[in-house]
Amino acid sequence: MNASTDLTIQRHDGQGLREQKDDVLSVYREAYAERLDDPFFYPDRFWERIEGGSQRGGFRLVTGRVNGGLVGFSLGGILPPNTGWWRNLKSDVDAEFLRETVSRTFGINELQVRPVWRR
1 MNASTDLTIQ
11 RHDGQGLREQ
21 KDDVLSVYRE
31 AYAERLDDPF
41 FYPDRFWERI
51 EGGSQRGGFR
61 LVTGRVNGGL
71 VGFSLGGILP
81 PNTGWWRNLK
91 SDVDAEFLRE
101 TVSRTFGINE
111 LQVRPVWRR
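What the sequence shown shows, in this note's numbering, is residues 1 to 119, in sequence order.
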């Protein structure tokens, strides 16, 4: 990216994700190009996972576009009280630290950038 390139950052809800399905999957295919032969990484499976999560309260998609083209995105949501997010935490912490309140923690599930736009 050069100094004259304008990056536009936008925040979207679940409907905004669905409206950008083709662009999001295009970035995904580039970001995971070397893994697309693994069934877990098939674009259709990825879409099922994120589209399902997009219907939960607190979901957000943040996109970065240059000249209208999607160069990257991040998505996630607010952790619910019954989250398994902290299940594999390796350190000892106060139990209160692990208690989610539906307003305390936003978990980032994906952060993807087209390879040519990295660094």
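Derived by calculation from the structure, the hints in this document are not laboratory data.
Hints may contain errors.
Said to hold, decoys possible - Simulated restraints on C-beta separations:
id : residue 1 : residue 2 : range
1  : D92       : G69       : 39 to 49 Å
2  : T105      : Q15       : 16 to 26 Å
3  : W86       : P43       : 22 to 32 Å
4  : W86       : D22       : 30 to 40 Å
5  : P43       : Q15       : 15 to 25 Å
6  : D23       : S91       : 20 to 30 Å
7  : Q55       : Q10       : 13 to 23 Å
8  : N88       : R49       : 12 to 22 Å
9  : N88       : Q15       : 26 to 36 Å
Said to hold, decoys possible - Dumping the calculated SDA-like pairs for lysine to any residue here, alpha-carbon to alpha-carbon at most 25 Å:
id : residue 1 : residue 2
10 : K21       : D44
11 : K90       : F106
12 : K90       : G69
Don't be surprised by glycine CBs; every beta carbon is placed ideally from N, CA and C.
* Which numbered conditions among the earlier hints are violated in the structure presented, ordered from lowest to highest? -> 6 and 12
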